[in-house]
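Take a look at the letters that make up each chain.
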Amino acid sequence: MNAEPELESPHDDSRRTFLKQSSVLTAMALVPSPVVTAAAAELDEKVAAAFEKVPLSLKVNGTKHKLKVEPRTTLLDLLREQLHLTGTKKGCDYGQCGACTVHVDGQRVNSCLSFAVMHDGQEITTIEGLAKGDELHPMQEAFVKHDGFQCGYCTPGQIMSAVACVREGHAGSEGEIREYMSGNICRCGAYSNIVAAIQDVKQGGQKV
Amino acid sequence: MKAQQKQIGAPMNRVDGHLKVTGAAKYSAEYELPGLAYAVLVGSTITKGRLTSIDAKAAERAPGVLAVITHYNSPKVPGYDTAGKDPSQPATVGGPIKLFNDDKIRFNDQPIAVVVADTLERARYAARLVKAQYAKEAHQTNLEDNKPQAFLPTSAKKNPKSPMADYQRGQADAYKTGAIKIEGEYVIPTEVHHPMELQSITAHWEAPDRLTLYDKTQGTLATRRDFAKEWGLPEANVKVIATFVGGAFGNALHSWPHESAAIIAAKVVNRPVKLMLTREQMFTMVGYRPYTWQKLGMSATPDGKITAITHESIGQTSTYEEFTESTLAQTRMMYASPNLTTRYRLAALDIGSPIWMRGPGEATGAFALESAMDEMAHLLNLDPLEFRLRNYTDTDPEKNRPWSTKFLKECYKLGADRIGWNKRKLKPGSIRDGEWLVGYGMGVGTFGAHRGGAHASAQLRPDGTVLMQCATTDIGPGTGTAMTQIAADTLGIAPEKITFELGHSDYPQAGTQGGSSTVNSVGPAVQQACLALKDKLRELAGAQNPAFASAKKDDVALGDKHLSLSSNTAARVPYADLLKQAGAASVTVEAKPGNEGQQYSMYSFSVHFAEVRVHELTGEVRVSKLVSCADAGTIINEKTAANQMKGGAVGGIGMALMEHARIDDRFGRYVTKDLADYHVPVHADAPNIEVAFVNQPDLKVNALGTKGIGEIATIGVAPAIANAVFNATGKRVRELPITPDKLV
Ligand code: FES
Ligand code: FES
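Chains as they are written, first to last, in my numbering: chain S, 124 to 331; chain X, 65 to 808.
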């Protein structure tokens, strides 16, 4: 993040003024007088912040969550910072590395590239939700067996992507796997072991 | 008691594999602390000059903001007055940035402010409201422009025996008068480590004089030392926790400004503070492999004996630290050239400091040396492998000492067989497969088998399990797994009974994980701790059963629930009785290297063979096969070791074909700012990589016979690919990366 001296930031006082007005007006219309008094007592930002949040229902790994989130919160940051599901990793925040891959209604998605509020009513599965209790998912087993990782940081994303890759029918050959897994970077370079793990699961024919 | 299977060498699954595949492994930004606040850095938009003002008012008023800290309002960091005078970092002259200490701008994106808020979104938003004014000065960010100002490193000026000093054997620059000679200039551009985990730290002042850091570091003790010093605290008051490190490849071998920022921020807001860099900031703030220019001249006799080599290099450093690396080391010892000259210089640029990146200088130097070997072999009409064999040396020609062990010839043989080297044709462009030209190339790598002192503790618990601890870290190679295997064999118990804890500065001391030295150093400490534990148990048991008192040291056998003797299994003392008084039996030992390092030249060796396909029309290069063979001493875990070799080879593919961090010199700013512009190898770029180990112990390095793998996995890969490209196309590319524009 750079401080740009030349540019007038579009996000300065005008936003604040807007918030002040809108939040206070809305507050006056909808809520009891203590809030209005609070706003008048220069607590307007806090009130504004409360009104900036949007209700959101999500099912994450089978658990229902009723949340209020800022529209600018990404699904990734919601998972990591608010739901404390840190198994989903941040490797770039720009959809370029795949570390943040989760399943949304069964599809693989870069969670850093979507806002949490876009997923109202949807079902999210993260790496924490893949195993059945103590029993690892076959893809997790295969990653351990084939040593499909080193530092482990890209691993949750690789595994979520690998499961989807098999489900999508894109694990037909080594070449196809490499192509359909290329959105998941492993800087440790465990690629051939990851491919071996995926092939093992695919050939084992277990249900993924 | 069941005879235990030998664990050393076995392809055991990683002990932390389960945690890594379930998402339960916690990295430095993943600790939940009460009252946690978030910090976001604001970077300078100029490259050199001074800050004249910072307007933080809007940011301070933004919702949720707890503080905006700049050099105008930062608390005084007590250690800044003495910082940078650290004798334990001999390669560094000058000192790291003292964050928020003055108005000076030394590089683009240097942190000028840190914004702290109660949520990440709020901190990130407010950071954009900080405005700065500067007085700009002219900057220098181009090494080629600055070659005339290159200088001898201070370490070499002070000590003519320093590896950075000019080196000479035989006649200086003798290649110039050789009958058959080559000469070429080589360039390695700036490359960035880019581990998948963004550099992160969570700083927590647990008391005004007690600091806990959850940090991405390769050395818990080095980080503790740096920040204890920065804050004038006793080291015992600083805790550094790095249980899991999401890759680093060298970039966590140094303490960086963002770490100082998080600690200052946590002090100001009096809450734990988490700071995670963005991918752009990974280019500017946490080091990189420096842009390096090299020139190499070589002469040889018609029958393929090298007569002279001169290898010169100019590497990039910053204006405030002198960063040096061993770019010319391999040239001095790899081939038996009677005349040899090396000259290493630095050029200081207005960019943040570099830091060792996997295979560090050796990988850079090997690109020039091994490319030149290929070029000379071609000129002599010799097979490049044969040319290397004719110049093979059985003693170290640099130090005139025997090698501790050297099985490089065995590596050549293993690798040549596997790649099918006999398919290679001397004449470039001879083999084609449709529109693709096929070529074969090789490159050799070497790295010192370094070993330092290390401590480890071992504790037997009444249930017969053993807890071991060491402050070392594991950035990915599988340190905990290898140590568990060593302990299992030494104690004669199943690995499942052993827990090896690492990554905590309170644990027994060990060096930083770098320079392929961890197993060499920590392995013997683990082995000796286990032996000491056995002896302690024998002593304890001796008080209860005389058979133990008279038994030989290593006769004790650890059973499931009791201690016995291998020579007398009837002699038994249950652990419950043995440990009744003390609760547990613990030992802590230190293992130190002897003076073998003065008598022998100790190196790991590798050779990489590449098969490439180059598209005739587009110049696209695909590595279709890679074979890496290593003489790395004893292999502790075949599975993780092979994985590490493959990873190094993938890094080498990046170096050879894609990695290039580019600066727009007009602004001194990187134009490659993310992983879409800075390409690293993805699945589709990585071929099947075959790995073979000679697996012969080097008992001069340590009693386990290990020599180290991490660096030699990368060193020599880039020239192997460049040489294969030459064999396919007849084009010699001396400036990496080999992008299609250089081939069409
Ligand atoms: S963090 Fe989402 S793709 Fe990299
Ligand atoms: S295991 Fe480290 S990035 Fe893939």
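Just so you know, the hints here were simulated from the structure itself, not pulled from any lab data.
Yeah, the Cβ is synthetic: ideal placement off N, Cα and C, and Gly gets one too.
You may find that some hints are simply not true.
No farther apart than 20 Å at their CA atoms in a straight line, the calculated lysine to aspartate or glutamate pairs in the DMTMM-like style are these [stated by the list, open to error]:
#, chain 1, residue 1, chain 2, residue 2
1, S, 191, X, 182
2, X, 90, S, 302
3, S, 268, X, 167
4, X, 140, X, 247
5, X, 689, X, 624
6, S, 330, S, 291
7, X, 689, S, 297
8, S, 187, S, 291
9, S, 176, X, 754
10, X, 162, X, 145
11, X, 140, X, 167
12, X, 703, X, 527
13, X, 689, S, 291
14, S, 268, X, 560
15, X, 121, X, 182
16, X, 703, S, 302
17, S, 268, X, 450
18, X, 90, X, 619
19, X, 689, S, 264
20, X, 303, X, 249
21, X, 168, X, 182
22, X, 703, S, 264
23, X, 463, X, 182
24, X, 90, S, 251
25, X, 369, X, 273
Every beta carbon over 10 Å from chain S, so not counted as near; a handful from chain X, in silico [stated by the list, open to error]:
#, residue
26, 90
27, 94
28, 96
29, 224
30, 342
31, 502
32, 632
33, 745
34, 752
Hint check results:
For the hint pairing residue 191 of chain S with residue 182 of chain X, the CA-to-CA distance comes to about 16 Å; that is within 20 Å, so the pair holds. Taking the CA atoms of residue 90 of chain X and residue 302 of chain S, the gap is near 30 Å; set against the 20 Å cutoff, the hint is violated. With a CA separation close to 54 Å, the supplied pair residue 268 of chain S and residue 167 of chain X exceeds the 20 Å bound. For the given pair, residue 140 of chain X sits about 54 Å from residue 247 of chain X by alpha-carbon distance, which is inconsistent with the 20 Å threshold.
A threshold of 20 Å between alpha carbons decides the hint, and for residue 689 of chain X with residue 624 of chain X the separation of about 47 Å lies outside it, so the pair is violated. A threshold of 20 Å between alpha carbons decides the hint, and for residue 330 of chain S with residue 291 of chain S the separation of about 13 Å falls inside it, so the pair holds. With a CA separation close to 14 Å, the supplied pair residue 689 of chain X and residue 297 of chain S stays within the 20 Å bound. Between residue 187 of chain S and residue 291 of chain S, the direct Cα distance comes to roughly 26 Å. Violation of the 20 Å bound is thereby established for this hinted pair.
Using a Cα cut-off of 20 Å, the hinted pair residue 176 of chain S and residue 754 of chain X is violated, with the two alpha carbons roughly 53 Å apart. At roughly 9 Å between alpha-carbon atoms, residue 162 of chain X and residue 145 of chain X fall within 20 Å of each other, so this suggested pair holds. Between residue 140 of chain X and residue 167 of chain X the CA atoms are separated by roughly 14 Å; this keeps the pair inside 20 Å, and the hint holds. Among the hinted pairs, residue 703 of chain X with residue 527 of chain X is inconsistent with the structure: their alpha-carbon atoms are about 30 Å apart, more than 20 Å.
In summary, the hint linking residue 689 of chain X to residue 291 of chain S is not supported, as the alpha carbons are separated by about 28 Å, beyond the 20 Å threshold. For the hint linking residue 268 of chain S to residue 560 of chain X, the alpha-carbon distance of about 16 Å falls within 20 Å, and the restraint holds. Restraint check: the Cα-Cα separation between residue 121 of chain X and residue 182 of chain X comes to about 18 Å, which is no more than 20 Å; the hinted pair holds. Proximity of residue 703 of chain X to residue 302 of chain S is assessed by CA-CA distance (about 25 Å); at most 20 Å being required, the pair is judged violated.
In summary, the hint linking residue 268 of chain S to residue 450 of chain X is not supported, as the alpha carbons are separated by about 39 Å, beyond the 20 Å threshold. Simply put, residue 90 of chain X and residue 619 of chain X have alpha-carbon atoms about 40 Å apart, too far for the 20 Å limit, and the pair is violated. Distance hint between residue 689 of chain X and residue 264 of chain S is unfulfilled; the C-alpha atoms sit about 28 Å from each other, more than 20 Å. Note on residue 303 of chain X and residue 249 of chain X: the hinted pairing is violated, with a Cα-Cα distance of about 47 Å set against a maximum of 20 Å.
At most 20 Å may separate the alpha-carbon atoms for a hinted pair to count; residue 168 of chain X and residue 182 of chain X exceed this at roughly 30 Å. The suggested pairing of residue 703 of chain X with residue 264 of chain S holds, with an alpha-carbon distance near 15 Å, which does not exceed 20 Å. Distance hint between residue 463 of chain X and residue 182 of chain X is unfulfilled; the C-alpha atoms sit about 59 Å from each other, more than 20 Å. Distance hint between residue 90 of chain X and residue 251 of chain S is fulfilled; the C-alpha atoms sit about 13 Å from each other, no more than 20 Å.
Taken as a hint, the residue 369 of chain X and residue 273 of chain X pair is broken in the structure, with Cα atoms around 64 Å apart against an allowance of 20 Å. Not every Cβ of chain S is farther than 10 Å from the Cβ of residue 90 of chain X; the closest lies at roughly 7 Å, contradicting the non-interface assignment. Against the 10 Å criterion, residue 94 of chain X falls within the reach of chain S, whose nearest CB is about 4 Å from its own CB. Against the 10 Å criterion, residue 96 of chain X falls within the reach of chain S, whose nearest CB is about 6 Å from its own CB.
The beta carbon of residue 224 of chain X sits about 39 Å from the closest Cβ of chain S, which is more than 10 Å, so the claim that it is off the interface holds. For residue 342 of chain X, the condition that its CB be more than 10 Å from all CB atoms of chain S is violated, with the nearest at approximately 7 Å. Taking the minimum C-beta to C-beta distance to chain S, about 18 Å, the non-interface status of residue 502 of chain X holds against the 10 Å cut. Chain S leaves residue 632 of chain X outside its interface by the beta-carbon criterion, the shortest separation being 40 Å against a cut-off of 10 Å.
With a minimum CB-CB distance of about 7 Å to chain S, residue 745 of chain X fails to clear the 10 Å threshold, and the non-interface call is violated. Listed as a non-interface residue, residue 752 of chain X fails to keep its Cβ farther than 10 Å from every Cβ of chain S; the least gap is roughly 6 Å.
Checked against the numbered hints above, the structure violates hints 2, 3, 4, 5, 8, 9, 12, 13, 16, 17, 18, 19, 20, 21, 23, 25, 26, 27, 28, 30, 33 and 34; every other hint is satisfied.
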